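If you read the protein sequences in the order shown, they are chains A and B. Each residue of the first sequence is one higher than the one before, counting from 1 in our numbering. Each residue of the second sequence is one higher than the one before, counting from 1 in our numbering.
These are calculated hints, taken from the structure and not from any lab test. The model shown is predicted, which means the values in this text are computed figures rather than measured ones. Careful, some of the hints might be misleading.
Chain copies aren't distinguished; within one or between two, either way the pair holds.
Stated by the list, open to error - Only pairs whose alpha carbons sit at most 27 angstroms apart, straight line, appear in this in silico DSSO-like list of lysine-lysine:
| hint | residue 1 | residue 2 |
| --- | --- | --- |
| 1 | K365 | K98 |
| 2 | K195 | K131 |
| 3 | K353 | K284 |
| 4 | K353 | K6 |
| 5 | K220 | K6 |
| 6 | K130 | K91 |
Letter by letter, the chains look like this.
Protein chains: 2
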Amino acid sequence: MKKIRKFLLPEAEMPTRWYNIMADMPNKPKPPLHPATKEPIKPEDLAPLFPMGLIEQEVSTQKFIDIPGEVLDLYRTYRPSPVFRAWGLEKALGTSCKIYYKYEGVSYAGSHKANTAIAQAYYNKVEGVKKMSTETGAGQWGSALSFACKQFGIDLEVYMVKVSFNQKPYRKLMMNTYGANAIASPSNLTDAGRKILAANPDSPGSLGIAISEAVERAAKDPEVKYSLGSVLNHVLLHQTIIGEEALLQMEMAGDYPDIVVGCFGGGSNFAGISFPFVRENILKGKKTRAIAIEPASCPKLTRGKFMYDYGDSVGLTPLLAMYTLGHNFVPAKIHAGGLRYHGAGVIVSQLLKDGLIEAQSKYQKDCFNNGVMFARSEGIIPAPEATYAITGAVDEARRCDEAGTPQTILFNLSGHGHLDLGSYEKYFSDDLEDHELSNEEIEKSIAMIS
Amino acid sequence: MKKIRKFLLPEAEMPTRWYNIMADMPNKPKPPLHPATKEPIKPEDLAPLFPMGLIEQEVSTQKFIDIPGEVLDLYRTYRPSPVFRAWGLEKALGTSCKIYYKYEGVSYAGSHKANTAIAQAYYNKVEGVKKMSTETGAGQWGSALSFACKQFGIDLEVYMVKVSFNQKPYRKLMMNTYGANAIASPSNLTDAGRKILAANPDSPGSLGIAISEAVERAAKDPEVKYSLGSVLNHVLLHQTIIGEEALLQMEMAGDYPDIVVGCFGGGSNFAGISFPFVRENILKGKKTRAIAIEPASCPKLTRGKFMYDYGDSVGLTPLLAMYTLGHNFVPAKIHAGGLRYHGAGVIVSQLLKDGLIEAQSKYQKDCFNNGVMFARSEGIIPAPEATYAITGAVDEARRCDEAGTPQTILFNLSGHGHLDLGSYEKYFSDDLEDHELSNEEIEKSIAMIS
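Construct the complete structure from the given sequences, taking the supplied hints into account.
In structure tokens:
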């Protein structure tokens, strides 16, 4: 029998609804609090930043939300994405487990970020928005939103952390190619940027600063709306198309995962692959373990504290009830820039607290080891972030093999690493560091906000 | 009705045979001549460089050649590749034509080169080869062969033109990630390289020099075989899987192309998309126009001469009966490095001479214009080479619209431009030149070999 490598859904079978796990959670997340009043935030508090369509999704408890036709149409530029059986990786590992991966790197900008970028741009367009702002670190999110905004006639300003802006010119060029305006942050275009530059003209920038600039643009100009690529409930919602497709594709493969794995930064790709499977656990008694993989250098899920904290490092956002290392926590400069975030978002945090999902942390050198093994056996060069998901799957397979109980593992390969090959150079020249994070460091960071 | 964007073949329906157009050509190509004796070359003359399996394919007139199971298995890491209906591009153009494109950028290394890389590595493995050498310019071919060799336990040395080696570190890193040894050429590892370096220690290298080094490695060491990524008959053969799939996918779409377009360097991706359609013309009376698009700065098909010439710039290869600008011709440094080749290969040349295919030339600025329009409307950022195919399709669509006779156009999008974004920077900063090639320049270059 031929070994089928890819399970492809025809476009006609692409799911047409997002899944909202809020409907099925035994304990709902605690409400976000207004940063000034500390009262539960009201939809209208968010209106200067987001269109009402997205604010409604942020607080919705409706179980399924129809994906608008124009969003589905643009999803079809790359969706349904394939599920691969990892024959090459299984052979390289010599495992008795069956390993599958969902590959989101097929999207135009190369990662799952497109799934929410298209949806967010659409809901802004519906409300007549002509200009949007956002921030980006390594550039995955900014490039995904650039193309999406172009499709709906929206001008986009992307505040890109200056050090990345200079080190990753290809991401900036991708945004330009899609017609967006990429701006090195801190910039002279905002009060926040000007203030930083006055104090330090050579500031390399940070994600916190870039967020402040992008939010300020929207807060001060009623013509401009703001967009965020992870953490928020509506972002996680849009990503659930990943897991909804995967459910159908695992059925095509005649299999069902014992374990589902995703890497974890703000939670969006992990939520995307895992929430539909968690639903099957809750409602149908399935026993799939959903495992979030975070960097050992930024371990909010495994070593953080569940408490109210700000979503940004400056303290402008609502307070969120979540696992956090403290919003002042500065993660080591690992190459998986998309995983360098201090908090976890309210839904994922509540699910973890309730034991409905699990979390593990991994070191970056191990992850690059496994990333290179993956590239050499499967062909796809993974984004640094995705090597954490690979490592989660690989380690679980090895554990199963040692125990003599082979299982079926599905992980989300959230993006390719074509524009991250510089980080592979560091790996090959043995120029990667693994930072051992002490309990004292974590306690100190959390104490600052307690 | 929903607009279907992608026509996907399931793996089970992937064609299992390559098509050899030699069987159906009304006039066969003239035989290659030995460079020393000027007599038709014999298979054993090629044996030091290539395994017999490939030499047999080079001279075969068998109509269909079964694709070995191990090759099919690795094709399945990315094949069948999708055919897209270019709804976004059609809208951007406002055309009444229907435009489809076959997308080969889904392969592990990002282009159609994988189709022959896997096949060549396989036939070498069958004959016990443990080490191979090749050259690469911009790096597409070298990276495709790197992964393929890894799958069959073959060590690979890639001689990469030094200026590209330094300017395109990501391509080198991709080869390293796949486990190959990328060497800046000229190198100290060969006589050819040492000779160049002695005369000019700062030589930037050239494709001609890199070929000389890679060929020398194989010619002088019986343990090493050589591999070429275009021009040769067996390479074109392996690429026909593109067109065989496209035939089936156009049928899925309920359509048939009036025009098929591919960009043209050595001929492999153009042959891949077009030969199966040319067969339908020859045998079934179909009337599809097959159009090869070459750079105006390297116009061998539209302004070259049909004659015997060397395949390389040094004069080591057999003499080939083909359209050529002369093997000493040095094309302008356009960004589509894969199209900078003086000749055309014997099959394509004979087909053009016999009026079974057509050729057009395009300028690079127009091509980047169309490449950016394509990226903004379809999402995929095309490789510089592929922008020539886009431009061929766009110009034909405009011609049809002006004539009021809309047609169906299929082009081959041979690769993505993720590792070529530097060339887009030149475009955005208006730093691209179009070189107007005079008749005198061409005549002079051809006269050198007449």
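A quick look at each hint next to the structure:
1. K365 with K98: within (25 angstroms within a copy, 49 angstroms between copies)
2. K195 with K131: Within one copy only: 24 angstroms inside, 59 angstroms across.
3. K353 with K284: within (21 angstroms within a copy, 67 angstroms between copies)
4. K353 with K6: neither (35 angstroms within a copy, 42 angstroms between copies)
5. K220 with K6: Neither: 48 angstroms inside a copy, 42 angstroms across copies.
6. K130 with K91: between (51 angstroms within a copy, 21 angstroms between copies)
Violation of the numbered hints given earlier is confined to hints 4 and 5; the remaining hints are satisfied by the structure.
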